[in-house]
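The lines below spell out each chain.
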Amino acid sequence: MTIETVDTQPKPNLLNDPKVRAVIAQIVVVVLFVSFVSYIVSNTAVNLEKLGIKAGFEFLGLQAGFMPTSPNFNLTGFDVSKDTHLDVFYLGLVNTILVSVLGIIAATIVGFFFGVLRLSSNPLLRFVAAAYIEGTRNIPLLLQILVWYFAVLLALPGVKQSINIGDMFFLNLRYLVIPAPIFEDGFGYVVTAIIVGIVATVFMVRWARKRQEKTGEQFPVVLAGLGLIIGLPVVTLFAVGVPLSWDIPALKGFNFQGGVQVISQLTALFLALTFYTGAFIAENVRAGILAVSHGQTEASYALGLRPNRTMSLIVIPQALRVIIPPVTSQYLNLAKNSSLAIAIGYPELVNVFMGISLNQTGKAIEIIGMTMGVYLTISLLISMFMNWYNKRVALVER
Amino acid sequence: MSKAFVRTEFHPDLPPPASESGPIAWLRHNLFSTWYNSLATFFVLYLAWLVIPPVLDWALFSAVWEANNYKECKAGGTGACWGMIDKRFDLFMYGFYKAEDHWRPNLAIIVFIIAMLPVLFDKLPGRRMCAMFLILGYPAFTVALIRGPIEMSSFNSTMGIALWVVAFVAAAYWGHHNAKKFNAVQSGIGYAIAYIILFIVFIAWGMGLTPTETDTYGGLMLTVMLAGVGIAVALPLGILLALGRRANSMPIVQMLCIGFIEIVRSVPLISVLFMAQFMLPLFMPEGIKFDNVMRALVGFSLFAAAYMAEVVRGGLQAIPKGQFEAADSLGLNFYLNMRLIVLPQALKIVIPGIVSTFIGLFKDTSLVSIIALADLLLVAKQSYTDSNWLGLEHTAYVFIAIIYFCICFSMSRYSMYLEQKLHTGHKR
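Residue numbers (the working numbering), protein chains in the order written: chain Y, 105 to 502; chain B, 116 to 543.
Read the hints as simulated data drawn from the structure, not as lab findings.
Careful, some of the hints might be misleading.
Taking lysine-lysine pairs in the DSS-like style, the calculated list, with each CA pair at most 27 Å apart, reads [claimed, not checked]:
1. Lys189/B / Lys202/B
2. Lys189/B / Lys264/Y
3. Lys238/B / Lys536/B
4. Lys189/B / Lys123/Y
5. Lys404/B / Lys158/Y
This one's a predicted model, so the numbers in the text were calculated from it and none came from an experiment.
Chain Y on its own, in the form it takes in the complex (with noise of 0.2 Å):
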């Protein structure tokens, strides 16, 4: 009897499945986009036909007739004579590496240095550093970048006053110039050296971490590992007899000869990266060490650590795991600000090819999906290796 009427209950309306529904909805969608797309596809189309230009990746050989930076900064070796917009591409892409992994070391090392001293005991340090970090947060960057170039650097004396700082090192508006390095034979040595320091040291140190688990015997890893690191070259260095001497650079006519010249584009976009990235650095830093609880302090004491190892063992291990992960994301930001060169002229990848190259070519869509594709890159690697880093040091919980 019972049966029957689970049997006689309607139908439920299949509109009202949200399985069914999911599916239909998930059809509207891709129709729509499907459409929307091709609609964009075909206008483009048209618009480039009658434009008269043709989709396309031929560009990228001919050959780009500018010249994409200044004669003095040329990395890649441009010349102008006979290379294509894809060496234009490529001048762009290691300028923008260039920079960005000058301004990541950089602004890790102020980020650091400025948070600690934000939860200084002196109130004088600790307003310093509340000053630096509201002060560069809360201005945009393109301003900062525009500021160290055009009222610092270029307010800065001519090539003939140069600022000389020992002799050594010229500062002028155009650029500074610093001595050069000369590799002579035998300098393989000392590589081979610092590789095999490397090496020893990552060994050493598991070596100790096992030998301290079997018979808590404890090894002193850092100061073995600075000596087989710093000590191994140094050494290598004098024995093979100092197969390294300076290219000193000196004033000649209008210009200086020899040396390493780093133009002032280069200089302010650093500076600017630098200081920008480096506050948001520090914030994250602070963060990451008033996250620790006081209490685990307190614990170590209790097991009897002293306050050094307590830093090392407890703090610094639990409060890099807060830190980390914002800070790749300002590292990430840092890669893509450096794109903001195009205002002062540094050759990297968005001025050079997305700015001139697209204008002498008219290619917008290929050239602005490759740029895109880069960063995209970049940006992907650096999650992949947060996401590896994340798993690494996650809390292991029940």
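Assemble the complex: chain Y is given as a structure, and chain B must be docked to it using the hints.
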């Protein structure tokens, strides 16, 4: 017989030793507690002595307050040339927007501040009404006020007007009809369409003002407009994207949302703006033309939406699963679940995140100067390259830096205040 000594009255409390109380103790404990701390203190004081007097001298004592060109500035003093700011103040604020129309952006900003006050500080009355006005009425009001009427061909014929009226009545009736049947989704759609029609009609009417050209917009007005429109578009779009990203039952929708968010977030804003500048005109059919400001707005809003989506997703993830399940078991459908249960909680959590995204957005508006929109930064740059005011980059940059700093810093303080107010429950 020995006498016992019993103390009957207590000795009055002695003041703490002079070295442990008052300002001297504070100095000893905070500034000179160790030798390196003392060293740091003296170093900072030396730094202050080195920096502050020249800065004050430049900004105040040697500054020139009235001048007609850079020569008078150079002659008047070695400091800042505030005379330039005074002479070019209108350019800094409104760009080339016509002087007789300056009251329009002024009125828009005054109305905004008055309506915003009850929303920001809950001691004032009328919060709900002001919020409703800001969300529904204010955008149309401001667009009409600043832009003036926008020419639309369909309003020229009686046929076109009739179509608009019919569409509005139908949408409103459909919304009202479904609201009576408690069909939230369909009534929502109906009312939304009716609202959009009203919005379009309102900005086409433009409150009967004279129309203005978008390429005259500039200065702080353009900066604020870009940020305002950016956030107004980004917030609803960001919520939709965040919901789409979490829609596990619809993998295709999820994929599209993730793709959009991740691609936009991993490329620099300048490339998005370039794309809007160079590719948007290619995407459009013949005859439809976007002016420069519109193109920048489109690129900027899409960029902001991707960031907003991630902020909102953070809030959605913080809502315990029990809330979703409880709403489901009450029989609420997806729309009501979101509107009544999930979004009010999630958005409340992420208000500080939204504010800080907005600060980032506000700073990022300066990038439009690269694609030649006359925002605050470009106006400053034009000022010191003007033949009348050559070589005054310090004054121009410091002036706009102060403007940016004041706006961003006050917003970040407000966000901290909010964070404290909203997190009372979790405080140790």
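Taking 27 Å as the top limit, are the C-alpha atoms of lysine 189/B and lysine 123/Y close enough?
Given pair lysine 189/B, lysine 123/Y is violated - Cα atoms ~76 Å apart, limit 27 Å.
Hint check: lysine 238/B vs lysine 536/B, CA-CA at most 27 Å. Holds or violated?
13 Å, holds
Agreement of lysine 189/B and lysine 202/B with the hint, judged by alpha carbon distance not exceeding 27 Å:
16 Å, holds
What's the verdict on lysine 189/B and lysine 264/Y, does the C-alpha distance respect the 27 Å limit or exceed it?
The given pair, whose Cα atoms are some 26 Å apart, holds under the 27 Å limit.
Can the restraint linking lysine 404/B and lysine 158/Y be considered satisfied, given a maximum Cα separation of 27 Å?
At roughly 22 Å apart (the allowed maximum being 27 Å), lysine 158/Y and lysine 404/B satisfy the hint.
Hint compliance for this structure: hint 4 alone is broken.
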